[in-house]
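Protein chains in written order, with the numbering used here: chain G, 1 to 290; chain Y, 1 to 290; chain F, 1 to 290; chain S, 1 to 290.
Please note: incorrect hints may appear among the correct ones.
Which copy is meant is left open, so a pair is good if it fits within one copy or across any two.
[As the list claims (entries may be wrong)] DSS-like, lysine-lysine: derived pairs with alpha carbons at most 27 Å apart: (1) Lys82 x Lys223; (2) Lys198 x Lys33; (3) Lys146 x Lys198; (4) Lys223 x Lys290; (5) Lys216 x Lys82; (6) Lys290 x Lys198; (7) Lys146 x Lys290; (8) Lys198 x Lys223; (9) Lys146 x Lys33; (10) Lys171 x Lys198; (11) Lys198 x Lys250; (12) Lys250 x Lys216; (13) Lys82 x Lys198; (14) Lys223 x Lys33; (15) Lys139 x Lys250; (16) Lys139 x Lys216; (17) Lys290 x Lys33; (18) Lys216 x Lys33.
Read the hints as simulated data drawn from the structure, not as lab findings.
There are 4 protein chains.
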Amino acid sequence: MRKCFVLFVLSLSLLAVNAQSYSPSRVVTDTIKSEVLGVNRAYTVYLPQNFDNNIPRNYPVLYLLHGMWEKNDVWANRGHLKEVMDRLVASGEACEMIIVSPDAGGGDPNVYQNGYFDMPNWAYEQFFFTEFMPFIENKYRVIGDKEHRAVAGLSMGGGGATNYGQRHYDKFSSVYAMSALMDIPELGAARFDDPNGKLAILTQSVIDNSCVNYVKDADDVRKNDLRSVAWFIDCGDDDFLLDRNMEFYKAMRQAWIPCQFRVRDGGHDWEYWNSALYICLPFVTRNFGK
Amino acid sequence: MRKCFVLFVLSLSLLAVNAQSYSPSRVVTDTIKSEVLGVNRAYTVYLPQNFDNNIPRNYPVLYLLHGMWEKNDVWANRGHLKEVMDRLVASGEACEMIIVSPDAGGGDPNVYQNGYFDMPNWAYEQFFFTEFMPFIENKYRVIGDKEHRAVAGLSMGGGGATNYGQRHYDKFSSVYAMSALMDIPELGAARFDDPNGKLAILTQSVIDNSCVNYVKDADDVRKNDLRSVAWFIDCGDDDFLLDRNMEFYKAMRQAWIPCQFRVRDGGHDWEYWNSALYICLPFVTRNFGK
Amino acid sequence: MRKCFVLFVLSLSLLAVNAQSYSPSRVVTDTIKSEVLGVNRAYTVYLPQNFDNNIPRNYPVLYLLHGMWEKNDVWANRGHLKEVMDRLVASGEACEMIIVSPDAGGGDPNVYQNGYFDMPNWAYEQFFFTEFMPFIENKYRVIGDKEHRAVAGLSMGGGGATNYGQRHYDKFSSVYAMSALMDIPELGAARFDDPNGKLAILTQSVIDNSCVNYVKDADDVRKNDLRSVAWFIDCGDDDFLLDRNMEFYKAMRQAWIPCQFRVRDGGHDWEYWNSALYICLPFVTRNFGK
Amino acid sequence: MRKCFVLFVLSLSLLAVNAQSYSPSRVVTDTIKSEVLGVNRAYTVYLPQNFDNNIPRNYPVLYLLHGMWEKNDVWANRGHLKEVMDRLVASGEACEMIIVSPDAGGGDPNVYQNGYFDMPNWAYEQFFFTEFMPFIENKYRVIGDKEHRAVAGLSMGGGGATNYGQRHYDKFSSVYAMSALMDIPELGAARFDDPNGKLAILTQSVIDNSCVNYVKDADDVRKNDLRSVAWFIDCGDDDFLLDRNMEFYKAMRQAWIPCQFRVRDGGHDWEYWNSALYICLPFVTRNFGK
């Protein structure tokens with residue numbers, strides 16, 4: 001009889017695995033009830049392989065912030081975070097870690113404010129540091145010190161990551177900012193009629209928390225604090241936010257604060273941020289434990 | 001009154017555009033009625049910017065083939081083809097071209113066969129060359145000669161692209177094969193009970209159209225024909241199909257047929273194929289018009 | 001008898017070559033007698049494979065300018081230009097072209113001035129355009145039109161390339177500037193006691209020919225002229241000249257002149273410039289003939 | 001008076017340095033008197049920044065082996081090892097380490113044999129492990145355990161590195177093989193008339209120490225030992241040694257020994273090996289201390 005064959009798309013590395021002791025990495029979306037904000041907020045978390053089977057082990061954590069008009073699951077869905085992480089862990093370029101994206105936007109605009117900073121009636125930064133971070137780091141076996149905690153993000157989340165790293169330098173070993181809203185850009189801004197509208201409030205919070213001015217205004221003590229964090233700024237040459245990123249990097253250089261800076265081909269889009277993960281995740285890995 | 005600002009995520013390049021004469025690139029899914037197959041088949045096509053406004057202009061064409069278990073729209077949806085093309089055209093690394101993905105799978109398994117070759121009751125290759133290609137190249141203002149036509153694909157579509165380029169060397173200027181099913185792999189195959197099942201028939205068609213054997217068996221005339229095509233083989237180091245790709249490349253070297261070969265980090269997955277587009281599209285562009 | 005084997009480090013591609021019709025690429029250093037400068041000046045030229053055997057063929061040309069304190073042969077000796085070109089031509093990423101580096105420095109400081117601009121008693125720019133370019137393009141079978149001529153350079157030569165491309169936009173299809181001296185940097189400058197010293201004169205020529213101001217001061221006619229050239233700016237994040245490059249790119253964006261910009265890892269050193277060739281040579285290739 | 005400015009090519013990072021406590025990295029060539037070989041042999045060593053000022057600190061070590069027809073200083077002179085290391089250390093991608101290249105060739109062919117293996121009257125491997133390694137690790141404050149020792153090399157040195165890593169798996173945490181002579185290639189070999197000539201002896205030593213056969217012949221114990229080393233195989237698609245590298249990688253996969261494999265564009269040349277350092281040095285860094 002004629003022999004026939006069928007293809008199985010098998011990962012060779014999976015075949016090598018001992019089925020008994022192995023659990024694959026996974027992405028979970030769950031909810032936290034916030035007293036500070038007075039609402040329930042969603043978050044999405046990447047858990048590395050063997051997280052469930054390796055009970056005694058605690059992990060480093062990366063807070064990975066999304067941009068405006070998007071929400072917590074976008075890093076998994078469009079950033080393809082799990083696929084990227086699985087490859088980089090397999091090649092050894094990234095270590096196994098917990099990666100969390102809280103929801104800082106989306107939802108019902110009649111109820112929710114947007115953004116990573118404290119605003120009237122929306123103390124998001126307070127929520128992040130006093131509620132969300134403790135909740136996550138307790139629930140998911142996070143190591144929980146500065147040496148094993150990083151923050152990254154894109155656009156509004158890149159500004160959030162940078163600003164959190166600046167003012168909470170004692171909490172993060174590294175910051176990776178993609179296409180970051182370091183301040184309101186000179187180009188691409190417009191005036192509001194209603195200063196109390198949600199976008200106006202958000203905009204004011206970005207101005208009040210300018211990452212650029214925070215460096216320009218730094219005295220020697222602050223400069224020294226900022227040197228305790230490893231910095232990486234990554235922005236496309238077609239990005240409308242590039243000017244502020246260049247201004248930020250120039251300020252960092254003048255303040256003698258070591259900082260990596262890259263301008264790669266691309267704009268303010270997901271092809272850029274997906275590719276940025278391949279640089280970001282090894283970078284935060286290298287800076288864990290230092 | 002306090003000044004307020006709002007952000008607009010604006011592409012600077014778009015701002016520069018003359019709104020009157022510009023139409024953006026777009027992805028369209030449509031259907032062809034096939035007499036050969038006796039069914040309607042879907043296809044997805046990428047049309048470059050200004051396609052609608054630039055009536056006198058004809059374009060090069062790339063046939064971009066999908067893999068098993070997927071269908072025509074996967075290059076657009078998961079490969080992010082439009083985003084990649086738009087960036088590469090903006091940077092000049094890819095030229096404006098038509099990119100077409102026909103459906104060679106999916107659908108109702110009781111009705112449709114799968115794959116790119118002629119099989120009992122499913123003359124897909126005949127359909128492709130005598131119906132689909134003429135239909136597309138007439139409908140979308142394709143230049144339509146060997147010098148301005150390329151074929152690429154992933155997995156089963158990588159094998160299809162390679163095989164089409166081999167036996168129809170007079171039709172394609174270049175071939176880019178990703179994670180290609182060059183033949184049935186030694187590992188990862190299994191026997192069938194029913195040699196007339198759809199998978200068995202597909203498998204047999206792959207064996208009968210082995211890209212590896214086509215090179216190994218080549219005489220001087222065939223070798224010379226194959227040299228009229230520019231070849232690029234790209235396969236991940238964790239891919240279960242790598243062995244056959246190495247065998248293929250070794251045969252090409254021994255036959256003195258120029259061929260690019262890359263083994264990059266990764267497996268048989270969409271992160272690999274999305275990143276492969278950044279190499280593939282400039283490669284086919286360079287070989288248009290030669 | 002025991003069989004023994006010896007290794008030959010053979011390029012497989014060389015084996016495929018018909019020995020009769022093939023001549024390899026080569027690097028030649030020669031001299032031009034300049035009436036304008038009143039001295040003999042050296043230059044180094046890369047000639048592509050088959051240049052000597054392919055008499056009817058004319059080639060595109062790239063002027064590749066060196067930096068301060070170096071001279072014409074540094075692109076070949078430390079930039080490894082021939083090795084890079086040979087690979088990129090083999091892979092199809094660069095086309096066969098003539099690449100010329102004139103000497104704009106070095107030599108006896110009591111006799112020679114330094115730099116690419118016209119200075120008191122050293123009309124180098126006049127020499128370049130009225131003597132050197134015609135001499136080269138006649139001697140080496142250069143096509144000799146804007147569409148097939150490019151200019152690139154590093155540091156002082158990057159500023160020279162940019163400035164030549166600006167004021168002689170009708171002569172070059174593309175400009176690639178590496179770590180370019182776009183103007184005297186804010187950091188890293190110092191005053192002179194003797195304004196007639198050679199370094200003072202050179203410095204003044206850079207200020208007078210500021211690439212940054214040339215864009216900032218551009219009216220609509222000039223902006224339109226600059227759009228006829230393809231621009232690429234490439235500067236390391238540790239380079240002391242980065243600030244001026246960022247200022248230049250910002251000015252280009254504000255003037256709506258399309259320009260590629262990259263900031264990669266690295267400083268003002270030859271590892272950076274060697275790696276830049278892998279981007280530069282495909283870029284100028286893509287822009288030949290457009 | 002007119003103000004004039006002069007350029008200083010200053011590394012900004014250097015400016016930040018406290019001059020009192022800082023010593024730059026450096027490359028030193030020195031000699032060891034070998035009892036085993038009965039001659040003095042040269043070696044070249046890269047010492048990281050602050051090596052001289054940081055007396056209590058011990059360092060990881062990388063043995064970086066050269067190829068045939070070359071000698072110990074080629075990694076520094078043509079590989080530009082110091083420039084690459086300094087950049088990668090600055091960006092955090094490589095850690096500070098000692099990098100040593102012993103002389104396994106060159107010299108007077110009437111006196112010296114060539115290669116990394118034990119041969120009649122030339123017990124190089126014995127020299128390496130019993131004399132050279134202890135000498136270096138004592139002299140240069142090397143940590144000196146498996147977890148902090150790596151071996152890499154190109155061509156003949158890539159085969160040497162692989163073979164050393166195989167048979168001395170208890171000594172190295174990782175192996176990076178570039179364009180490696182894994183065995184005598186099928187193509188590019190030739191017979192000898194004199195089996196006692198130096199090249200014939202060298203060739204025989206490569207056959208006797210085939211890296212490919214060592215994997216193919218491995219039993220479960222050996223496979224397990226090999227899994228204690230991190231492996232990286234890197235070979236150009238135009239390299240005449242590629243076939244054996246593909247054979248090696250295929251054998252590693254079949255033996256389920258994790259191994260990274262890359263085929264990049266290029267041949268058997270220094271542009272390839274210089275660029276390989278940018279992958280090799282972060283790879284060995286990641287595997288130190290595991």
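Each hint, compared with the structure:
Neither within a single protomer nor between protomers do Lys82 and Lys223 lie at most 27 Å apart by alpha-carbon distance, with minima of 36 Å and 30 Å respectively. Proximity of Lys198 and Lys33 under a CA criterion of 27 Å is satisfied intra-copy only: 22 Å inside one chain copy versus 52 Å between copies. In this homomeric assembly, Lys146 and Lys198 never come within 27 Å of each other (Cα to Cα): the closest approach is 33 Å inside a single copy and 53 Å across copies. In the homo-oligomer, the alpha carbons of Lys223 and Lys290 lie at most 27 Å apart inside one protomer (19 Å), although the nearest pairing across protomers, at 34 Å, exceeds that limit.
Within a single copy, Lys216 and Lys82 get their C-alpha atoms no closer than 37 Å, and across copies no closer than 35 Å, so neither meets the 27 Å cut-off. For a Cα distance limit of 27 Å, the shortest separation of Lys290 from Lys198 qualifies neither inside one copy, at 40 Å, nor across copies, at 49 Å. With identical chains, the CA atoms of Lys146 and Lys290 are at most 27 Å apart both within one copy (9 Å) and between copies (22 Å). Proximity of Lys198 and Lys223 under a CA criterion of 27 Å is satisfied in neither setting, with 33 Å inside one chain copy and 40 Å between copies.
Taking the shortest Cα distances, Lys146 and Lys33 sit within 27 Å of each other inside one copy (25 Å), while across copies they are farther apart (49 Å). Taking the closest pair of Cα atoms, Lys171 and Lys198 never come within 27 Å of each other, the shortest separation being 29 Å inside a single copy and 53 Å across copies. When the C-alpha separation of Lys198 and Lys250 is checked against a cutoff of 27 Å, the pair qualifies neither within a copy, at 32 Å, nor between copies, at 31 Å. Proximity of Lys250 to Lys216 under the C-alpha cut-off of 27 Å is found in both arrangements, the shortest distances being 10 Å within a copy and 20 Å between copies.
Within a single copy, Lys82 and Lys198 get their C-alpha atoms no closer than 33 Å, and across copies no closer than 33 Å, so neither meets the 27 Å cut-off. In this assembly of identical chains, Lys223 and Lys33 lie within 27 Å of each other by CA distance neither inside one copy nor across copies; the values are 36 Å within and 51 Å between. When the C-alpha separation of Lys139 and Lys250 is checked against a cutoff of 27 Å, the pair qualifies neither within a copy, at 40 Å, nor between copies, at 43 Å. Within a single copy, Lys139 and Lys216 get their C-alpha atoms no closer than 38 Å, and across copies no closer than 47 Å, so neither meets the 27 Å cut-off.
Taking the shortest alpha-carbon separations for Lys290 and Lys33, neither the intra-copy value of 34 Å nor the inter-copy value of 40 Å comes in at or below 27 Å. For a Cα distance limit of 27 Å, the shortest separation of Lys216 from Lys33 qualifies neither inside one copy, at 38 Å, nor across copies, at 53 Å.
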